[in-house]
Amino acid sequence: MAATTSDAGTRRDFIYVASASMGAVGAAALAWPFIDQMNPTTAALALASTEVDLAAVQPGQQIIVKWRGHPLFVRRRTPAEVAAAKAVDVASLPDNNARNANVADGAPATDANRAIKPEWLVLIGVCTHLGCTPTVSTPAIPEGEYGGWLCHCHGSAYDTAGRIRKGPAPENLAVPPYAFLSDTRIKVG
Amino acid sequence: MSGPSTYNPKSGFERWLDARLPLPRLMHDTMQTFPTPRNLNIWYTFGGILTFCLGVQIITGVVLAMHYVANAGLAFDSVEAIMRDVNYGWLIRYMHANGASMFFLAVYIHMFRGLYYGSYKAPRELIWIIGVLIYLLMMATAFFGYVLPWGQMSFWGATVITNLFSAIPVIGTHIATWLWGDFAVGDATLNRFFSLHYLLPFIIAGVVGLHIWALHVPGNNNPLGIDVKSPQDTVPFHPYYTVKDAFYLVLFVILFAGFVFYSPDFFGNPDNYQPANPLVTPPDIVPEWYLLPFYAMLRSIPNKLLGVIVMGGAIVTLVFIPWLDTSRVRSCRFRPLMKQFFWAFAVCCVLLGYCGAQSVDAARFGIPLVWVARIASLYYFAFFWLIMPIIGLIETPKKLPASIAQSVFGDNAATPAE
Numbered sequence: 029m030a031a032t033t034s035d036a037g038t039r040r041d042f043i044y045v046a047s048a049s050m051g052a053v054g055a056a057a058l059a060w061p062f063i064d065q066m067n068p069t070t071a072a073l074a075l076a077s078t079e080v081d082l083a084a085v086q087p088g089q090q091i092i093v094k095w096r097g098h099p100l101f102v103r104r105r106t107p108a109e110v111a112a113a114k115a116v117d118v119a120s121l122p123d124n125n126a127r128n129a130n131v132a133d134g135a136p137a138t139d140a141n142r143a144i145k146p147e148w149l150v151l152i153g154v155c156t157h158l159g160c161t162p163t164v165s166t167p168a169i170p171e172g173e174y175g176g177w178l179c180h181c182h183g184s185a186y187d188t189a190g191r192i193r194k195g196p197a198p199e200n201l202a203v204p205p206y207a208f209l210s211d212t213r214i215k216v217g
Numbered sequence: 003m004s005g006p007s008t009y010n011p012k013s014g015f016e017r018w019l020d021a022r023l024p025l026p027r028l029m030h031d032t033m034q035t036f037p038t039p040r041n042l043n044i045w046y047t048f049g050g051i052l053t054f055c056l057g058v059q060i061i062t063g064v065v066l067a068m069h070y071v072a073n074a075g076l077a078f079d080s081v082e083a084i085m086r087d088v089n090y091g092w093l094i095r096y097m098h099a100n101g102a103s104m105f106f107l108a109v110y111i112h113m114f115r116g117l118y119y120g121s122y123k124a125p126r127e128l129i130w131i132i133g134v135l136i137y138l139l140m141m142a143t144a145f146f147g148y149v150l151p152w153g154q155m156s157f158w159g160a161t162v163i164t165n166l167f168s169a170i171p172v173i174g175t176h177i178a179t180w181l182w183g184d185f186a187v188g189d190a191t192l193n194r195f196f197s198l199h200y201l202l203p204f205i206i207a208g209v210v211g212l213h214i215w216a217l218h219v220p221g222n223n224n225p226l227g228i229d230v231k232s233p234q235d236t237v238p239f240h241p242y243y244t245v246k247d248a249f250y251l252v253l254f255v256i257l258f259a260g261f262v263f264y265s266p267d268f269f270g271n272p273d274n275y276q277p278a279n280p281l282v283t284p285p286d287i288v289p290e291w292y293l294l295p296f297y298a299m300l301r302s303i304p305n306k307l308l309g310v311i312v313m314g315g316a317i318v319t320l321v322f323i324p325w326l327d328t329s330r331v332r333s334c335r336f337r338p339l340m341k342q343f344f345w346a347f348a349v350c351c352v353l354l355g356y357c358g359a360q361s362v363d364a365a366r367f368g369i370p371l372v373w374v375a376r377i378a379s380l381y382y383f384a385f386f387w388l389i390m391p392i393i394g395l396i397e398t399p400k401k402l403p404a405s406i407a408q409s410v411f412g413d414n415a416a417t418p419a420e
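Chains as they are written, first to last, in the working numbering: chain A, 29 to 217; chain B, 3 to 420.
Since the hints were made in silico from the structure, they are not lab data. A portion of the hints provided could be inaccurate.
[Unchecked claim] Partial chain B-side listing against chain A, Cβ under 7 Å, derived:
1. Asn165
2. Pro304
3. Val321
[Claimed, not checked] Among the chain B residues that face chain A by a calculated CB cut under 8 Å, a handful are:
4. Glu82
5. Val162
6. Leu166
7. Thr179
8. Trp180
9. Asp184
10. Gln360
11. Val362
12. Ala364
13. Ala365
[What the hints assert, rightly or not] Computed spacing ranges between beta-carbons, pair by pair:
14. A:Gly37 to B:Ile170: 41 to 49 Å
15. A:Leu58 to B:Leu198: 36 to 44 Å
16. B:Val318 to A:Ala202: 27 to 35 Å
17. B:Lys400 to A:Ala52: 40 to 48 Å
18. B:Lys400 to A:Ser49: 39 to 47 Å
19. B:Leu198 to A:Ala202: 45 to 53 Å
20. A:Ala207 to B:Leu198: 27 to 35 Å
The beta-carbon is built from N, C-alpha and C at its ideal position, and this holds for glycine as well.
Can you build the whole structure from these sequences, using the hints too?
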């Protein structure tokens, strides 16, 4: 009888541990649908692309269009602004990463790596700090010290290539995937 | 203090009920005969006031939910319809919006009272920690609620706060996307925030139950910070403190009504009467006043991750106060040094709030406010992590009275007249 009792004990222990483990695995498996339901739906994931007509944009002007819920900056830079962006020593930048979906990952943040055509700068208008929309700087109404953008929320200043120069934002403004369909038309996304 | 029950069921029905669901016994012991220190002052009435505030928010909130539409295309208009078309909708919404500010006003007084009189010290550590949890839940609820009218401040406040999570290395952006249910704040975000805004007040109510339960084990602290030693030190909760609480509640409601009826948008931001526009950020994003000190800390740190850590750390720090204070004496009344640092801390919090309300590059008297905020943030952390432990060890406290009754009646009043 003694042997049977100890046998029954270990068998019972096994059943306890096994059923508790199965219960835990089941609960964890069921938790996932309840977590994942909060992620973007398939409708939101469906890649949206936008075409932008550039014909009306004047040198020194920026237009804002909406792309995947975010503001998109399309800025026609003046030669002076391009020259200012090219003159920067990239090694001195807070973020020396092009952040450009159209060039290789981790490419240096040279002006050439930031714009497909130097005249046209296409950026996602979301401050890399906490997501506000930075305000564009013009010679008439300067915003920040670097001629690009200033984010009024927390004071991040970007240069004329959309690179972070000062303030709490950790990264350059991102360049979305885009292509020129013609000289005056781009497709973003 | 939660000694044997003194409930004595009188009628047959009460005896029947007491043997099955002793709810009248619970109410009798916690709200009627509960022995309470006889020297509680005005600052101890805010617990009751806070319970009232939670009730107001839940009742007005349930009503507002009957008329509100949680949809990015309709939310703003539905709030305007509540203001203009729903019968008394303006009153109920202004009660709810100002009620949130009143709730935070009361909770800050309640917290500073606990800090001043050492109410977090043993054996009341858990009451304090549960209180910090309630404060956190209140901030989350207020944030979700502020998003619902879907104005410019709603939208951009939601954007900035949810982006705080993107500071977390590696998984940060995934967490932000998960919170949004999209790649930016949008309709999916609004819907889930509404769901959570409706849920959390009931969670708060549950945690408030724990807060009061934990309070009723050791009983109230008091302005002297000394333990209750004899029945002479206490009075029954009813009628002494029910009446005192009710009196100050009436004064509080007068203030509340003053805002609701005479300056209903005093705490509001005019930008929030513009519908949300994902393409234009308002020139100055300012959170509601009760979050300004933390916002000032966030802005004063020129590094994203560090700023978020400092802001979160400022709240997490509160949890450790019971162990950071090394003093044997609870109340600042008997702590001449700590008293001064306490008031400096209060000034520091107000200063942080002021800095948080100004624009990023503002300066006063030639001093950039960002530096004022940096020094005030430094003092905030130094107060808890350096000053509290050190002062507790080096300070010589004043002599404590022998008992609460002695301090109230003087030395020769052995049997006070009731």
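Contradicted hints - numbers only: 3, 4, 10, 12, 13, 15, 17, 18, 19 and 20
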